[in-house]
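We have chain A; now place chain B onto it with these hints.
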Amino acid sequence: DAGVTQSPTHLIKTRGQQVTLRCSPKSGHDTVSWYQQALGQGPQFIFQYYEEEERQRGNFPDRFSGHQFPNYSSELNVNALLLGDSALYLCASSQLGQGGQAETQYFGPGTRLLVL
Amino acid sequence: AQTVTQSQPEMSVQEAETVTLSCTYDTSESDYYLFWYKQPPSRQMILVIRQEAYKQQNATENRFSVNFQKAAKSFSLKISDSQLGDAAMYFCAYRGVYGGATNKLIFGTGTLLAVQP
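Going down the list, the sequences are from chains A and B.
Sequential numbering of the first sequence, starting at 15, is according to the numbering used here.
Sequential numbering of the second sequence, starting at 880, is according to the numbering used here.
Chain A extracted, bound-state conformation:
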C-alpha cells in the first residue's frame, strides 16, 4: 500500500520565480492538506482540498494557491517567491469522515524548497 508521495524532493529557485509542488495521497484517501515547515519550527497549515475545492485556508497570502485533481492528487503553487518561502513543504492525506471531519492525517516525505 503506497503511502503519501511528493515530488520533487528538493528544489532551488530564485526570488520572484514560481514553483509547483506535487502530492499523491495514500490509497483510499480523498483529502489533501498542505503545510509549511520552516527550519526548527512545527508545520503551519496552508490549506486543505477535498473534491477539488479548497475547504479551508490558513494564514498564507494569495501567492500560495493549490489544486486538486479528480484522482485526488494535488499541487501547491507559490508565485513571486520570497526568501522567506524557503522551507520544507509537507503534504498530508486523510479520509473525510462522517460529519465532514477529516480523519487522521498521514504525511509525505516533503519537498525542501530553497529560495536564493
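Calculated cross-link-like contacts (lysine to any residue; reagent style SDA-like; alpha-carbon spacing at most 20 Å):
1. 40/A with 16/A
2. 40/A with 928/B
3. 934/B with 117/A
By construction, these hints were calculated from the structure, which means they are not laboratory data.
Since we're looking at a predicted model, the values are computed, not measured.
Here is chain B on its own, set in the frame of chain A:
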C-alpha cells in the same frame, strides 16, 4: 484560537530507559483530538499515537503511551525501553472537531529527542 506548547526543546535518554515528553494546549472546545508525530532526520512525519478527548482511557501503542489530563490540558508522551531508532523530533498536535477546526492540525514547536547508547 487553539495553541499547542512544547516547553522542552531538547531531551536526552539512555537506551532502554524511559523518557516523557511534555505538551500542553489551550482550547475552549470540549471535544478534540490530540496527536504525537515523530519526524526523524529523514524528515518524514510519522504518526506515533492519537487520543480522542472524549475517551478517558490513555492511548497506548506498544512502547508509546500518553498521559492525557483533560482538565489540566496536558498531553505527555512516554517512551518506554527507548531505542536508538526513537531519536527524532517529536511534535504534539491538536485537531478540533467543530467547523473549520476539523481541517487542520495545530502543531507545537517540537522536542528533539536524543537517545544515548
